[in-house]
Amino acid sequence: MTAGLHPTATDALLDLCVAAGDAICSEYGSSRADEFRAKADDSPLTRADIASHRILVEGLERLAPSVPVLSEESKPAAIADRRSWERLWVVDPLDGTKE
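Just so we're aligned: the sequence shown equals residues 37 to 135 in my numbering.
Please note: incorrect hints may appear among the correct ones.
As the list claims (entries may be wrong) - Okay, the calculated beta carbon distance ranges per label pair:
| no. | residue 1 | residue 2 | range |
| --- | --- | --- | --- |
| 1 | S79 | W121 | 16 to 26 Å |
| 2 | S62 | S110 | 20 to 30 Å |
| 3 | R98 | S62 | 33 to 43 Å |
| 4 | S62 | A114 | 13 to 23 Å |
| 5 | L106 | D58 | 29 to 39 Å |
| 6 | C61 | I115 | 32 to 42 Å |
| 7 | Y64 | S102 | 12 to 22 Å |
| 8 | S120 | L99 | 32 to 42 Å |
| 9 | A116 | T44 | 27 to 37 Å |
| 10 | D58 | E122 | 30 to 40 Å |
None of these hints come from the bench; they were simulated from the model.
Every residue gets a Cβ at the ideal spot worked out from N, C-alpha and C, and that includes glycine.
Can you build the whole structure from these sequences, using the hints too?
Right under this line is the structure:
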């Protein structure tokens, strides 16, 4: 979705990605790096997941408040609402839990 974005918006997106990556790396360096809880589908949800998700979603909402964010870690919006979205951000924070 970067097509047509102003260069400063692209820079802001890159900054968000770097900040999320830094948060992930700091979690893996912590004494609590192995802590996780299972999501409804039994996949792990780590502190790194939560930290990177928060940074990305909050940052995207500040950058483009009218563009919805669909994230693996968020409660999904109703399908009827999603059908009306003309554009959206899709977020799957990298955390290293599976791949």
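Verification of the hints:
{"no.": "1", "hint": "S79 - W121: 16 to 26 Å", "verdict": "25 Å, holds"}
{"no.": "2", "hint": "S62 - S110: 20 to 30 Å", "verdict": "22 Å, holds"}
{"no.": "3", "hint": "R98 - S62: 33 to 43 Å", "verdict": "22 Å, violated"}
{"no.": "4", "hint": "S62 - A114: 13 to 23 Å", "verdict": "35 Å, violated"}
{"no.": "5", "hint": "L106 - D58: 29 to 39 Å", "verdict": "23 Å, violated"}
{"no.": "6", "hint": "C61 - I115: 32 to 42 Å", "verdict": "36 Å, holds"}
{"no.": "7", "hint": "Y64 - S102: 12 to 22 Å", "verdict": "34 Å, violated"}
{"no.": "8", "hint": "S120 - L99: 32 to 42 Å", "verdict": "21 Å, violated"}
{"no.": "9", "hint": "A116 - T44: 27 to 37 Å", "verdict": "34 Å, holds"}
{"no.": "10", "hint": "D58 - E122: 30 to 40 Å", "verdict": "32 Å, holds"}
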